[in-house]
Amino acid sequence: DMKVTQMPRYLIKRMGENVLLECGQDMSHETMYWYRQDPGLGLQLIYISYDVDSNSEGDIPKGYRVSRKKREHFSLILDSAKTNQTSVYFCASSFPDRTNSDYTFGSGTRLLVI
Amino acid sequence: AQSVTQPDARVTVSEGASLQLRCKYSYFGTPYLFWYVQYPRQGLQLLLKYYPGDPVVQGVNGFEAEFSKSNSSFHLRKASVHWSDWAVYFCAVSTGNYAQGLTFGLGTRVSVFP
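Sequences listed follow chains A and B, in order.
First residue of the first sequence: 1, per our numbering; consecutive thereafter.
First residue of the second sequence: 1, per our numbering; consecutive thereafter.
No incorrect hints appear here.
Among chain B residues calculated to face chain A with C-beta under 10 Å, some are:
| no. | residue |
| --- | --- |
| 1 | Ala9 |
| 2 | Arg41 |
| 3 | Gly43 |
| 4 | Leu44 |
| 5 | Lys49 |
| 6 | Ala92 |
| 7 | Ala99 |
| 8 | Phe104 |
| 9 | Gly105 |
| 10 | Leu106 |
| 11 | Gly107 |
A few chain B residues that don't get close to chain A, going by computed Cβ distances all over 12 Å:
| no. | residue |
| --- | --- |
| 12 | Thr12 |
| 13 | Ser14 |
| 14 | Glu15 |
| 15 | Gln20 |
| 16 | Arg22 |
| 17 | Asp54 |
| 18 | Arg77 |
To be clear, the hints were calculated from the coordinates, so they are not data collected in a lab.
Backbone N, C-alpha and C fix where the C-beta goes; we use that ideal spot for every residue, glycine too.
Sequences are here, hints too, so could you generate the full structure?
Rendered as structure tokens:
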């Protein structure tokens, strides 16, 4: 069963702590994404990864960085978390075929920064 | 840049009634359009997707959508709503360039009452 797996599902961190959100996919998709979802703002793109060690900023990259050392694994890192980074974070992957591109999403990580 | 507008933030419908959710997109080229559903505290699940071709697209669970280039729209429809359709529905557009990811609307929250 093709899927995107996110860990952890729920996370509470104190302001200033480092946060690691992990995402895995079993479809050998080259492209992976991190989005955050906030009420009234919908889903906003944070980072894109085209493949191992090939990453690009999305629309709201400030305060985040990413790491992709294996094709199936894409991490989102918050160095010194801030309260305004409280959100639901979604990872997605895509097969880069213009005629048949599909975006598969994980179940999300709910992060609370206090 | 592309954008998506979902003009209805909330829709309330009676079980068994029909449902239409509106989606307007803005993109100068040929869009690839998607509808996703998000059930409470879950991730996004693909309902259906449009690639250039037949303007009416069939999806899962009785959903269908119709693409209109002249109206820049991609409205979602269901003939008879079930209580399990209580969810948030997101319309999204892709330029076909996987490197840009998906651009989402803000979503429409659908409530179903007996």
